Amino acid sequence: MAIDEIDPLIHVPARLRIMATLASLPAGDSLSFTRLQDMIGLSSGNLITHLRKLEDATYVETDKSGNGAASRTQVVLTSQGRDALDAYAASLRRIIEDL
Amino acid sequence: MEQENDTPETSIIDEEGELDPRVAAELLVSTKNRAQRQFDVWPPYLLFTGVVIFLFAYGAVWWSVRGQHPYIGPSGWALAIMYGCIVAWIAAVVTVLQRANSGVSGRSKRQRAFRMGYIIIIIAYSAYQGALYHAGASHAIVYGVYPASVQWLFAGTAFVTIGAIREELPALTLGGALIAIGVASAFAGPVIGWLVSGIGLAVVLACFGVFRTVMRRA
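Order-wise, the sequence lines are chains A and B.
In terms of our numbering, the first sequence opens at residue 1 and continues consecutively.
In terms of our numbering, the second sequence opens at residue 100 and continues consecutively.
Source of the hints: derived by calculation from the structure; they are not laboratory data.
Computed from a predicted structure; not experimentally measured.
We put the beta carbon where it would ideally sit given N, CA and C, even for glycine.
Among the hints, erroneous ones may be present.
[Stated by the list, open to error] Ranges between beta-carbon positions, derived for each pair:
{"no.": "1", "chain 1": "A", "residue 1": "Thr62", "chain 2": "B", "residue 2": "Ala226", "range": "45 to 51 Å"}
{"no.": "2", "chain 1": "B", "residue 1": "Gly166", "chain 2": "A", "residue 2": "Arg82", "range": "57 to 63 Å"}
{"no.": "3", "chain 1": "B", "residue 1": "Arg198", "chain 2": "A", "residue 2": "Asn67", "range": "25 to 31 Å"}
{"no.": "4", "chain 1": "B", "residue 1": "Ala234", "chain 2": "A", "residue 2": "Ser65", "range": "33 to 39 Å"}
{"no.": "5", "chain 1": "A", "residue 1": "Asp56", "chain 2": "B", "residue 2": "Met314", "range": "31 to 37 Å"}
{"no.": "6", "chain 1": "B", "residue 1": "Ser129", "chain 2": "A", "residue 2": "Lys64", "range": "26 to 32 Å"}
{"no.": "7", "chain 1": "A", "residue 1": "Asp56", "chain 2": "B", "residue 2": "Ala279", "range": "52 to 58 Å"}
[Claimed, not checked] Partial list, derived from the structure: chain B residues whose beta carbon lies under 10 Å from chain A:
{"no.": "8", "residue": "Leu118"}
{"no.": "9", "residue": "Pro120"}
{"no.": "10", "residue": "Val122"}
{"no.": "11", "residue": "Val128"}
{"no.": "12", "residue": "Thr130"}
{"no.": "13", "residue": "Asn132"}
{"no.": "14", "residue": "Arg133"}
{"no.": "15", "residue": "Gln135"}
{"no.": "16", "residue": "Gln137"}
{"no.": "17", "residue": "Phe138"}
{"no.": "18", "residue": "Gly202"}
{"no.": "19", "residue": "Val203"}
{"no.": "20", "residue": "Val313"}
{"no.": "21", "residue": "Arg315"}
Let the sequences and hints guide you as you build the complete structure.
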């Protein structure tokens, strides 16, 4: 299996860490943007950009509630995102076995 | 998203770097392990602490009632130790729970409902003890068999119900073990029952802790 066959959207350290962190929660549970940022250690701008890319691919969904300083954003891994991460992990295993 | 306007989005790290598959696999595993530890509401250290605390708490009560003829009940100092230990452990559990659930929605909402259920169980347990006293039950029942055993029947029934509804074998097993402790404690009588409860609960917590440790390393 060639390396270019693995999902390029996930095969980036920051997005891989975002996906792996969200996948550690039970399906359907969401995580606040602030806690995710704390756990990943990215700046908010970087995190937003990576989340947008994952959201465009329907791997994650974000839900913003409230306005201004009191606003809260929750991030959840979709079932497509969970499947994509499983497929990505399986691809990695196959590539490593072939090396 | 919150803080959306605080930071420019121009400097994106980790975007185009070449990522070795082995490094990616290690990153995936290490990130998942770290996240699971941070989301864990029952970390092994909390369970192993509970082993020591419950052995000490129930051991103190057993020490205060051993050799009583007729049975009067636990002394004030023993009850103070027991409730002090239990309250301290519950406070530690709540702290860990709040830290693990910070920013998590869904699970935390369900746990609020569970907490309400546990509070209702504790109130019913205390009210029933009062009813037994009011009905003229002996001290051996009101201050011995009942408090040493019945809470494990209540807690076990709750875990069995939750495990059955969610089809979760660990919760079912835990519930069954707690019910077994309650029944064994009741059969052991008002004095030895305290010891059976303490040792039984310590064994259950130790097994749960070992199980969680093994699951983490798997």
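Practice problem: Report holds or violated for the interface hint on Val203 of chain B, using the least CB-CB distance to chain A and a cut-off of 10 Å. | Solution: holds, 6 Å
Practice problem: Go ahead and decide if the range 52 to 58 Å is satisfied by the Cβ distance of Asp56 of chain A to Ala279 of chain B. | Solution: Once the Cβ atoms are compared, 53 Å apart, the range 52 to 58 Å for Ala279 of chain B and Asp56 of chain A holds.
Quiz item: Against chain A, is Arg315 of chain B within 10 Å by beta-carbon distance?
Solution: This interface hint is violated because 12 Å lies over the 10 Å limit.
Quiz item: Does Leu118 of chain B pass the interface check with chain A, least Cβ-Cβ distance below 10 Å?
Solution: Interface hint status for Leu118 of chain B: holds (6 Å vs cutoff 10 Å).
Quiz item: Given Asn132 of chain B was flagged as interface, is its beta-carbon under 10 Å from a beta-carbon of chain A?
Solution: holds, 9 Å
Practice problem: Under 10 Å, Cβ to Cβ, is where Thr130 of chain B needs to be relative to chain A, so tell me if that hint holds or is violated. | Solution: holds, 4 Å
Practice problem: Could you see if the CB distance from Asp56 of chain A to Met314 of chain B stays within 31 to 37 Å? | Solution: holds, 35 Å
Quiz item: Is the gap between the beta carbons of Arg198 of chain B and Asn67 of chain A within 25 to 31 Å?
Solution: holds, 28 Å
Self-check item: Hint check: 10 Å Cβ-Cβ cutoff, Pro120 of chain B to chain A
Solution: Holds, about 5 Å.
Quiz item: Going by Cβ atoms only, is Val128 of chain B closer than 10 Å to chain A?
Solution: holds, 8 Å
Quiz prompt | Restraint outcome when Val122 of chain B is required to lie within 10 Å of chain A by C-beta distance | solution = Status holds, d = 8 Å.
Quiz item: Does the interface hint hold: is Arg133 of chain B within less than 10 Å of chain A, judged Cβ to Cβ?
Solution: This interface hint holds because 8 Å falls under the 10 Å limit.
In summary, the numbered hints that this structure violates are 4, 20, 21.
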